[in-house]
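Once you've looked at the hints, go ahead and assemble the two chains, each given alone in its own frame, into the complex.
Residue numbers (the numbering used here), protein chains in the order written: chain A, 817 to 1290; chain B, 24 to 201.
It should be emphasised that the hints constitute simulated quantities derived from the structure, not laboratory data.
Because the structure is a prediction, the values reported are computed rather than measured.
Each statement offered as a hint is correct.
With a Cα cut of at most 20 Å, we get these calculated SDA-like pairs of lysine to any residue:
#: 1; chain 1: A; residue 1: LYS977; chain 2: B; residue 2: GLN91
#: 2; chain 1: A; residue 1: LYS977; chain 2: B; residue 2: ALA76
#: 3; chain 1: A; residue 1: LYS953; chain 2: B; residue 2: GLY154
#: 4; chain 1: A; residue 1: LYS977; chain 2: B; residue 2: ASP100
#: 5; chain 1: A; residue 1: LYS977; chain 2: B; residue 2: ASN59
#: 6; chain 1: A; residue 1: LYS942; chain 2: B; residue 2: PRO127
#: 7; chain 1: A; residue 1: LYS1000; chain 2: B; residue 2: ASP100
#: 8; chain 1: A; residue 1: LYS953; chain 2: B; residue 2: TYR153
#: 9; chain 1: A; residue 1: LYS953; chain 2: B; residue 2: SER155
#: 10; chain 1: A; residue 1: LYS953; chain 2: B; residue 2: THR99
#: 11; chain 1: A; residue 1: LYS977; chain 2: B; residue 2: GLU73
#: 12; chain 1: A; residue 1: LYS977; chain 2: B; residue 2: ALA89
#: 13; chain 1: A; residue 1: LYS977; chain 2: B; residue 2: PRO69
#: 14; chain 1: A; residue 1: LYS977; chain 2: B; residue 2: GLN92
#: 15; chain 1: A; residue 1: LYS977; chain 2: B; residue 2: ARG90
#: 16; chain 1: A; residue 1: LYS1233; chain 2: A; residue 2: GLU1140
#: 17; chain 1: A; residue 1: LYS942; chain 2: B; residue 2: HIS143
#: 18; chain 1: A; residue 1: LYS1000; chain 2: B; residue 2: THR99
#: 19; chain 1: A; residue 1: LYS942; chain 2: B; residue 2: SER151
#: 20; chain 1: A; residue 1: LYS977; chain 2: B; residue 2: THR60
#: 21; chain 1: B; residue 1: LYS193; chain 2: B; residue 2: VAL88
#: 22; chain 1: A; residue 1: LYS953; chain 2: B; residue 2: MET156
#: 23; chain 1: A; residue 1: LYS1000; chain 2: B; residue 2: ALA103
Cβ-Cβ distance ranges computed for the label pairs, FRET-style:
#: 24; chain 1: A; residue 1: LYS1172; chain 2: B; residue 2: THR99; range: 32 to 42 Å
#: 25; chain 1: B; residue 1: ARG80; chain 2: A; residue 2: LEU1170; range: 27 to 37 Å
#: 26; chain 1: B; residue 1: GLU171; chain 2: A; residue 2: PRO1136; range: 50 to 60 Å
#: 27; chain 1: A; residue 1: GLU1082; chain 2: B; residue 2: GLU171; range: 32 to 42 Å
#: 28; chain 1: B; residue 1: ALA76; chain 2: A; residue 2: ARG1182; range: 41 to 51 Å
#: 29; chain 1: A; residue 1: SER1065; chain 2: B; residue 2: PRO127; range: 55 to 65 Å
#: 30; chain 1: B; residue 1: THR99; chain 2: A; residue 2: THR1025; range: 26 to 36 Å
#: 31; chain 1: A; residue 1: LEU1170; chain 2: B; residue 2: GLU77; range: 25 to 35 Å
Sample of chain A residues with no beta-carbon within 10 Å of chain B, all distances over it, derived:
#: 32; residue: GLU996
#: 33; residue: GLU1046
#: 34; residue: ASP1069
#: 35; residue: LYS1207
#: 36; residue: GLY1244
Just so you know, even glycine gets a beta-carbon here, dropped at the ideal spot from N, CA and C.
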Amino acid sequence: MSQTITIDPVTRLEGHGKITIQLNGQGEVEDAHFHVTQVRGFERFSEGRPFYEMPSLMARICGICPVSHLIASAKACEAIMSVRIPHTAAQLRRMMNLAQMVQSHALSFFYLASPDLLLGMESDPKVRNILGVAAAKPELGRGGVALRRFGQSIIELLGEKRVHPGWVVPGGVTEPLSTEKRDKILAMIPEAYANIALALGAYKKIADTFKAEIAVFANFPSNYMSLINEDESIEFTDGALRLIDAKGSTVEDGITATRYTEVIGEAVEPYSYTKFAYYKPLGYPEGSYRVGPLARLNIVKKMGTPKAEKELAEFKQLAPGLVESSFHYHHARLVEMLYGVERIEEILADSRILDKHVRATAGVNRLEGAGQAEAPRGVLHHHYKVDENGKMTWANLVIATGQNNKAMNLGVLQAAKHYIKNGKFTEGILNRVEAVVRTFDPCLSCSTHAFGQMPLAITLVSAEGEELDKVVRG
Amino acid sequence: MAKRMADNHKGDELNPDLAEPLHFEKANCLVLACGNTLRSDDGIGPRLAEWAAERFRGDGHVRVVARQQWTPDLATDVAAADSVLFVDSSVDSVPGRVSLVAVPSNRGNSDARSHHLEAHELLGLTRSLYGSMSAHALLLTVGAGSTELGETFSDQVEAALPRARGVLEKTVLRFLAN
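This is chain B alone, in the form it adopts within the complex (with noise of 0.2 Å):
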């Protein structure tokens, strides 16, 4: 669950970058989900990439990996895919806002652990093992109303799931736009 978003707006955060056509030579995107389904609102990430999954079934050039935590061993996926859309809850942010925001390649120190990454981590991660970075890392993140135990959602994140699909959809074919 991302806890440390830069997250100053009232309304959905989406990356101006992505107004800009994105070029590079092999489009293969990696939809890359985080979360709890059994905590409520933190399950969000895999239920987008659920539908993610479906939505480009047989797209040789999307993979869809969901996750409870992102681990250190997702950093050859990363190495691999040429874009990577992190996908998560945050409880830090409003209940139901959907945010879009570049992945900071580096923050300095960390306090990583052996289980649980958060994106700009597994992305120095894997500059630092494999010496690449994909060239588009996008975070998306939809505030969490609740983590209590629950297999469902709170209203605001149930309001906001055909957004953040919408969201995915259209950042996923930008990537994939050459």
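Isolated chain A (complex conformation) (with noise of 0.2 Å):
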């Protein structure tokens, strides 16, 4: 008799997922399936609206990446108006995202994926949280939390706001920089070295304890995708996309945001709200690929930054070739967040940052636009159509969680054949199967446009649908 085992919904994710896995008769994993249970609807009820309200709109999508959204969304907004936004403000926008990427790495490194690197995949699930962190490593929770707030006042320094700041605009920031606000970033700079350098200690005498889960967890040959600069160095806010193959050579380069959508396009699965994106020319699914840090780390040549180049060198080194198993997202993103306060760092010793020119205007001068960033978890792309009084009459997002979802879904597989034997499983599997799914640290409300929280409940159903067994967290 085969049977069902779901995990609905799934926890310690920004979202609401749950994830279905199917036995046979001899209770062998047949299949797997991560499903976003939520639903969307940001695009059509922007519907109507006049476009330059687009930015603030969109930023509701997220609570933790909506940076990203203003910057994809102000972009294809600059599109509509065909204008180029001032040097500083460029700056300052890119100071912006960075600071989001850090307190969001900080937020799945320190919040989500620590109880299991830390205490255990094994771990009592009752204290396998930040609490029991912190009451175990007091050191790491104190950087954790450090490292969060350290992002999060940079955007409140910036745009008045810790979450959804109104500040990006279409045409550059609402306000310039001030002196004082420079300076106070900068006094936060040596902690967040200190705190990054700590938990990169932290990790990398941890990791080898972790053989068997980077072995399984979604450990495959994928392509990748991330925007990069003309020097081959990471970006997060300007550059265009390349995309390589799953041996490292460049499939295609250049990808602007205007092109985007030429190349890119997204599959529809039954059991999940979240799009599938691939591209084109390979077909879906032989044309999907992975986003976020691992795929930004595999892609690019260097950082550009002194701390982070040292540390990129010898992430490239946990595997021959390019860096394939999920678990080293981990990894990549305490990569990045010292990328990003070292990148905060140049950028507040740009001559130009305290210019008072931030912002261009212009009104209707295309009816189309896009315009991409590199959220925490990878690419996001924005693209609007407006009528001639700038009033929207369609958008399309594409969310760095809906181009890695193919990617998790066959990880989740991978990690139940794995795992799941016989038709037995505990608690400590079934986390381990969910844990593929954090390395990649999916935002879902993001993928579906949507809100939702993360209970847990799991529950083994028989062939005919019958209940034959579920455990509830939370």
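Put into structure tokens, the structure is as follows:
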């Protein structure tokens, strides 16, 4: 008799999803799916709104990475306006996007992943949370809290709000940076370096104890895509996209926001509200690819900042060729956080960073525009159409989590097949299956453009639909 | 939103400790409110915080913070305060009831998640991370009648507002009294 194991919802994610694992009559895993069960809606209710409202509207999709939505949306609007924003505005936006990346990665690493990493996959689920980490490793807990505050404080200093700042607008930003705020940010940087060094040191010490997980946590060849600069260094806000294949060869380069929809398609699967992005010339699912920290570090040749450069070199030694296991997303996040702090320090040293001219103005000069930026979890794409009065007539958003969707599903299947034998599983085993999804740090609220919460229930269901067993957490 | 408050009384519940003057070296009070202003009575925390910010404007010893949820990063704010007044709505309480109770510092195991901690969990996290506890931590709640979508309060909570403000003011002043 075949059975289905359901993990619903998956815990310690941004949003609401579930996992089903289908077993055959012998209790072996036949298939597994990661379902996103929220319903989207932002694209529809933006229709009819003035296009210049879009950044602040779209930022409401997410409370973790609203800055990336602000930036991708503002860039789409600027394409409609046909304006180029002032240098200082571009630098300030870049800084805010990096600050968001640091706080989001800190949340992912310290709050969501570290309970598994520091307390163990099999540890008591009642203490396998941020409180348990704080009790067992207070210095790391303090570091995590401080790094999250570091990023949030910069966002607040620049945009007056920690979440959903209205400061990024079509044409630039609303307010220039003051000397006082610059100095406040500079004063926070030494502590941020110290906390990242602490986390990197701790992670490298324990990473070897997870060899078994590294081997089966979405560890397979795939394509990767990310923004990259012309000098092949990492980029989060500008640049163009590069897609590489599983051997690291460039498949397509210089994919601008305008060309994005020419080359990227979205497939639909019946089990998820999140679409499955793919590279059109290869078709679906062959054209599926991974995005986010692992993709970025696999694609770039250099970071462009000295401390992160050394860490990138070490990261690339984790595997011959590309680093394929999604477990290494955790490590990649720490490297990117280090880069983020270094780059923020560099931006603050820009001689024009205090310039007062931070916004360009224009009306509707095109009826269509697209913008892209790297969110912490990967590439984010906004594409809008307007009428001659600037009212929105159509919008489409391609979110990082949708682009990782196929890999997450394959990763869940790989781990489930490895760990579940003869239909038997423990809480620790199912936690590992969930942990595969956590490595991607998916933002399900973003991917469906809705909100959600995360308790957990695991259900074992027979082929006839009979509930055989159920475990509820939270 | 507080869900687990001991709530056995018909009327408002005030902590008897408040009858005694509080003594600490540094008067540094944090008013930490929680709630969603788009969910009717759940917005009572932020509304009271807004009032407190105005009432204690210019007083460097009082800091007011309002959030939709209490998150782990607030541990640094709690650690820096000598006294903390948590302000929230309570779905387990009689609508409009104003309660002021001590926050237990430790309740053992927790189902804490990344984005939402209860007052006692935030205190426990603060102690784990910084080895410090605020000398006084109290939880002020107002029983919620409705948490449906909306930006207005139920009649019971609207009627309770003056009483809740009075308890908040008196509590902060006692915290500050030295």
